[in-house]
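Chains as they are written, first to last, in my numbering: chain A, 38 to 432; chain B, 38 to 432; chain C, 38 to 432.
Where hints are given, some of them may not hold.
Pairs of lysine to any residue, SDA-like flavour, derived with a Cα cap of 25 angstroms [stated by the list, open to error]: (1) Lys235(A) <-> Ala165(C); (2) Lys370(C) <-> Lys141(A); (3) Lys78(A) <-> Gly278(C); (4) Lys196(A) <-> Glu375(B); (5) Lys47(A) <-> Val110(A); (6) Lys235(A) <-> Ser242(B); (7) Lys248(A) <-> Pro241(B); (8) Lys141(C) <-> Ser237(A); (9) Lys141(A) <-> Gly238(B); (10) Lys235(B) <-> Thr83(A); (11) Lys235(A) <-> Tyr136(C); (12) Lys141(B) <-> Lys370(C); (13) Lys235(A) <-> Gly94(C).
If you're looking for bench data, these hints aren't it; they were derived computationally from the structure.
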Amino acid sequence: MAYTKEDFKKLVEDIQSQDWYKNPIGFGIARVDRGQLNPEKILQATYPLINWEENYGSAAVLLNALKKAGNNVDTSGSELVCSVSDAFLAECIESFRPYIPEAKGDAHKNVQVISALSSLPIDSGYTADDYKVVFIFEDTDAKSVESAYLKLYALSTGKAALRSLNLNGIFGQLHNVAWVGNQPIELDWLRENEITLKLSGQYPSITKVDKFPQFLDHVIPADNTRVLDTNKVRFGAQLAGGTTVMPGAAYINFNAGTEGSVMVEGRISSSAKVGAGSDVGGGASILGVLSGTDGVPVTIGENTLLGANSCTGTAIGDSCILDAGVTILPGTKIALSEKAVAAIKEINPDKEISTSMKGADFLGVNGVHFRVNSTTGQTIAMRSTREVKLNADLH
Amino acid sequence: MAYTKEDFKKLVEDIQSQDWYKNPIGFGIARVDRGQLNPEKILQATYPLINWEENYGSAAVLLNALKKAGNNVDTSGSELVCSVSDAFLAECIESFRPYIPEAKGDAHKNVQVISALSSLPIDSGYTADDYKVVFIFEDTDAKSVESAYLKLYALSTGKAALRSLNLNGIFGQLHNVAWVGNQPIELDWLRENEITLKLSGQYPSITKVDKFPQFLDHVIPADNTRVLDTNKVRFGAQLAGGTTVMPGAAYINFNAGTEGSVMVEGRISSSAKVGAGSDVGGGASILGVLSGTDGVPVTIGENTLLGANSCTGTAIGDSCILDAGVTILPGTKIALSEKAVAAIKEINPDKEISTSMKGADFLGVNGVHFRVNSTTGQTIAMRSTREVKLNADLH
Amino acid sequence: MAYTKEDFKKLVEDIQSQDWYKNPIGFGIARVDRGQLNPEKILQATYPLINWEENYGSAAVLLNALKKAGNNVDTSGSELVCSVSDAFLAECIESFRPYIPEAKGDAHKNVQVISALSSLPIDSGYTADDYKVVFIFEDTDAKSVESAYLKLYALSTGKAALRSLNLNGIFGQLHNVAWVGNQPIELDWLRENEITLKLSGQYPSITKVDKFPQFLDHVIPADNTRVLDTNKVRFGAQLAGGTTVMPGAAYINFNAGTEGSVMVEGRISSSAKVGAGSDVGGGASILGVLSGTDGVPVTIGENTLLGANSCTGTAIGDSCILDAGVTILPGTKIALSEKAVAAIKEINPDKEISTSMKGADFLGVNGVHFRVNSTTGQTIAMRSTREVKLNADLH
């Protein structure tokens, strides 16, 4: 008797109705890189596909297959990491059967992953234990390298919003390793083999030493996105389509990034984000919560220009300009002429604008041009010449 | 009967006198990298040699050989791109015959290219169609990837002056691709193969995603030139011998660069150029025409020091100093003492110098030291201590 | 008759008592990379182990073995470079015999090097002449690539203190070459083979052109040290354990670095050093003796914060803060209120503090917060909020 899509639907409903079952927040299957000296040490987890608040049918199939394959499937914890087994794959293939013929291109990606796993050549160098089925049920501290990577993937693929995830525990879970491109190497292995490797001319070309890989090691950007130097974007950063990251003084840390087409020639520190159409000038610094801000993550609005070597430690609105070299911290005293107050008030009718403000007072204020008067050295604000889209609700 | 150099000369004259013939501005033979999914998409063109306003004899031989090999040789368009064929190569070899024995080292490079092409091993992985003979007859918008690369080569080899070429259309012609070092990969190919590549541990180490390759992917710098990080110089930039590009915050974009021995630790934006003996300090920013200037490309003179984290949006003369952290934009108001006016006037007798100037007023003014008075915050200019070579014609 | 550790000790004493013998400052055995065109040109020297003011027993054995193997062992010069030979290795093995069984892990590293050299496979691609035994007897100008590398290793492994070595002659000895990761290539070889390499698709992916390799090409950092981009740390730099070097605008040149756990997001120029617990903010510049300082190498104290895009050209004490964007050069005039003078004096009782100081006057002054008053543009100093450890000897 043929097993149909209708049967698949019933299977999923049946699984989801069982007591032990719980929908995960995110899940996926990863290939792990293990320590050269200590194979118990997971150095990296590579996901061909991740699911985040989606594809619960596939989640049900995978959890059910793990259970049938004899794994202890405990959905009461915050996460679950199981090794792939032949029994698990066979069960998945059986359940996914009606979708296998059409699992191509963008369709049924989870089915594609199972098919690809099932048909890996025997001499791939990896064993079933190098593939992990990973579920996150609660967004608490990461308890494994695999779940830490799953969260970073959720951010870097744009499936989870910046600042929306609990990233505690990630630094603790990841190991500091040497990288040769996207291949991690234990530092201790290098130490043990340094003499032989160096004398025989086999010492590897280390490209970095860090806990994190790069964004481009794991994520394929949109066609109109450019990253001119892979070292400039850490894994866990988010780049909206149309973003360009230049190789001069740019850097985007994890849990930071862009929400639209942005030119990035400066630094976007962890927790900071920049709106569509904005320009982070050469060497401009957007500070992170750990240094120079008042603890509030910095948001830069849309269509705003941060000039070369400017520095921002507090929120800046839409259509603003910071002149090259200007620093605005939360406590920076900024003077406005009566004319400037009126002009800025006109486009920000619901905001308090006065002749003497601090950097932090400009939260949500649009169309401001921050300058240093080169005659007096005074930091001033005036109406920006950049077009401001007025909020229709306010008028 | 022996074919001699005299015969070659007559051949060239004969070709050049024909109606259809026209001397090209530039020409060369490129190997092209094609899309992995779409082989019609040219991802990169690599020229072992380019000719720019030179070697018209070789141009005549190549155009004639294309014609004899049956190509439609239309010299009335702005450019011509033809595939190499055995007939073309045979015809070239025949014409170049007297030069082949002495085509070694720096002699007869075009003949060397033809010889090398003729003797490529059959299993090189490339076909005749992967080699293109390319001519530019008019400096209009690039109409192909091959001609776009030829122009970028002309700039990066120093055969064409910075700002001298029409670069419109280059962004449109080049495809945004992933790079593994100097190998371009279609993003769509990565997407189609992501699951298999990642599961099998074959996902490539992407080094960047951009339309342009790097300068060092195509050009061998002078013996006294240093580029400490290939990501810091885009293809299409120009580096005069003796230039050093440091890996901190430096970047040199295409159609920008140096005209002599320059220490570069900061950014030289597209269209900007820096004279011999100058020093672009750590994090210093020279703005491009698209951001912060008044639309005039910025030229920095000779023997000038741009201090760390300074920012320049307007022309600066010879033997000037910008103090670290100082920003000079076209509209920046700058104060000069009477003494400073006199001292600067002394070495710039033909310039208007006054006690109140703007940044843009210093065009062509030499020997100026720009500072911010740390007591008053005022931006000031005084006589620089750097030696100024006076223009003998003026005295 | 068994040769024992006691015999080894006697052998060493005997060698050391001979007239010709002299303890070296540093020594090691290097594998050298030779020029592709000119094999006499040494492009790089890779040491699996270096000794610096230590392990004089091994030094004696190596010098003695060279002598017995027929080398001209002249210890009266500043350095000695000899090729390895089978006779030399046999003599070393004989002398080191009692230590060979226990030469594992961290024990008897020099013995391990000799053992590894003796058991290199015959087809390693290297000959005995590619291995050099190198000694430095006097810290004068480097006279060979091998001794230049030995000094840079001494700095980068932390065995010699920053600024403690004579580095003259190093630039002169090292050749400017193209690098493909850690493999050096003569520029002339690239030029000679450019046509064939490019046409056949074999042109290498050059990663930089410089005289120096990178720190990570030769040194394995501590487990808690991170270098997020290998290009950011030149060989000859020193990184104390716990240092993190970010990939934005950071750079650490040779003979510069950190003396404890430091976050580095800015530039540490040659000759500059930074104390434990300090933070070099994004784009911050610490100037080197060649640009912007008064010729005194800049030392940054412990627990000090240099804000983003700040610039320092003079010594800064412990527990200081430079606000983002602030520049302090030796001659910068800095104003202090009476209250600030008193508060700073309190924790620096032995220093001259007044209401008008210059940057250079703050040498050894702790707990200072440098700012620019955003209302007046004046550069001011006040008491920093960072905790200052008072010197117990002074109280």
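For the pair supplied as a hint, Lys141(B) and Lys370(C), is the alpha-carbon distance within the 25 angstroms limit? Not satisfied, since the Cα-Cα distance of roughly 63 angstroms exceeds 25 angstroms.
Quick one, are Lys196(A) and Glu375(B) close enough, alpha carbons at most 25 angstroms? Not OK: Lys196(A) and Glu375(B) at ~63 angstroms, beyond 25 angstroms, violated.
Going straight from one Cα to the other, do Lys47(A) and Val110(A) come out at no more than 25 angstroms? Since the Cα atoms of Lys47(A) and Val110(A) sit roughly 21 angstroms apart, the hinted pair holds (cutoff 25 angstroms).
Hint consistency between Lys235(A) and Gly94(C) [alpha-carbon to alpha-carbon, up to 25 angstroms]: holds, 23 angstroms
Verify the proposed pairing of Lys141(A) with Gly238(B), using a straight-line Cα cut of 25 angstroms. Given that 25 angstroms is the threshold and the Cα spacing comes to 21 angstroms, the pair holds.
For a C-alpha distance cap of 25 angstroms, please report whether Lys235(A) and Tyr136(C) respect it. The given pair, whose Cα atoms are some 22 angstroms apart, holds under the 25 angstroms limit.
Hey, Lys235(A) versus Ala165(C), does the alpha-carbon distance stay inside 25 angstroms? Judged against 25 angstroms, a Cα distance of about 15 angstroms means the pair holds.
Would the pair Lys235(A) and Ser242(B) pass a check requiring their Cα atoms to be no farther apart than 25 angstroms? With a Cα-Cα distance of about 23 angstroms, the restraint between Lys235(A) and Ser242(B) holds, given a limit of 25 angstroms.
Is the straight-line distance between the alpha-carbon of Lys235(B) and that of Thr83(A) 25 angstroms or less? holds, 7 angstroms
Take a quick look at whether Lys78(A) and Gly278(C) sit within 25 angstroms of each other, Cα to Cα. holds, 22 angstroms
Taking 25 angstroms as the top limit, are the C-alpha atoms of Lys248(A) and Pro241(B) close enough? holds, 20 angstroms
Would you check the hint for Lys141(C) and Ser237(A), treating anything up to 25 angstroms between C-alpha atoms as holding? holds, 18 angstroms
Checked against the numbered hints above, the structure violates hints 2, 4, 12; every other hint is satisfied.
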